[in-house]
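Colleague: In our numbering, each number is its position in the sequence shown, counted from 1, plus 229.
Just so you know, these hints were derived from the structure itself, not from any lab.
There could be a bad hint or two in this list.
What the hints assert, rightly or not - Derived Cβ-Cβ restraints for the label pairs, each shown as a range:
| id | residue 1 | residue 2 | range |
| --- | --- | --- | --- |
| 1 | His269 | Arg247 | 14 to 24 Å |
| 2 | Arg252 | Ala232 | 33 to 43 Å |
| 3 | His265 | Arg244 | 12 to 22 Å |
| 4 | Phe272 | Ala249 | 18 to 28 Å |
| 5 | Pro238 | Leu270 | 16 to 26 Å |
| 6 | Pro235 | Glu271 | 13 to 23 Å |
| 7 | Phe272 | Pro235 | 26 to 36 Å |
| 8 | Phe272 | Ala232 | 27 to 37 Å |
| 9 | Thr258 | Pro235 | 33 to 43 Å |
Glycine is no exception: its CB is placed at the ideal position from the N, C-alpha and C atoms.
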Amino acid sequence: ILACAPGTPFLRTRRLTRAADGRAIEFVTSLLNPAHFALHLEF
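Work out the full structure, taking the sequences as your base and the hints as a guide.
Modeller: In structure tokens, the structure reads:
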């Protein structure tokens with residue numbers, strides 16, 4: 230699907246977005262090729 234060989238490592242992210250009342254309104258799972266993307270997290 231992503232034009233990469235089986236077993237190629239990917240960065241996987243999951244994000245859950247909630248409305249102000251706490252309801253889940255969006256859930257996204259992304260596969261990112263580490264040759265093109267980097268992840269930076271802040272808490």
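Colleague: Against this structure, judge whether each hint is valid.
Modeller: Status of each hint after checking the structure:
About 22 Å separates the C-beta atoms of His269 and Arg247, a value consistent with the hinted range of 14 to 24 Å. Our hint of 33 to 43 Å for Arg252 and Ala232 holds, since their Cβ atoms are close to 37 Å apart. The hint said 12 to 22 Å for the Cβ distance between His265 and Arg244, and at roughly 19 Å that hint holds. One distance hint, 18 to 28 Å for the beta-carbon pair Phe272 and Ala249, holds here, with the actual separation near 21 Å.
Distance hint check: the CB atoms of Pro238 and Leu270 are about 18 Å apart, consistent with the given range 16 to 26 Å. Checked against the hint of 13 to 23 Å, the pair Pro235 and Glu271 fails, with Cβ atoms roughly 33 Å apart. A hinted range of 26 to 36 Å for the beta carbons of Phe272 and Pro235 is consistent with their spacing of about 34 Å. Evaluation of the 27 to 37 Å hint for Phe272 and Ala232 yields a pass: the beta carbon distance comes to about 34 Å.
Separation of Thr258 from Pro235 is about 19 Å and departs from the stated range, judged on CB atoms against 33 to 43 Å.
Comparing the model with each numbered hint stated earlier shows that hints 6 and 9 do not hold.
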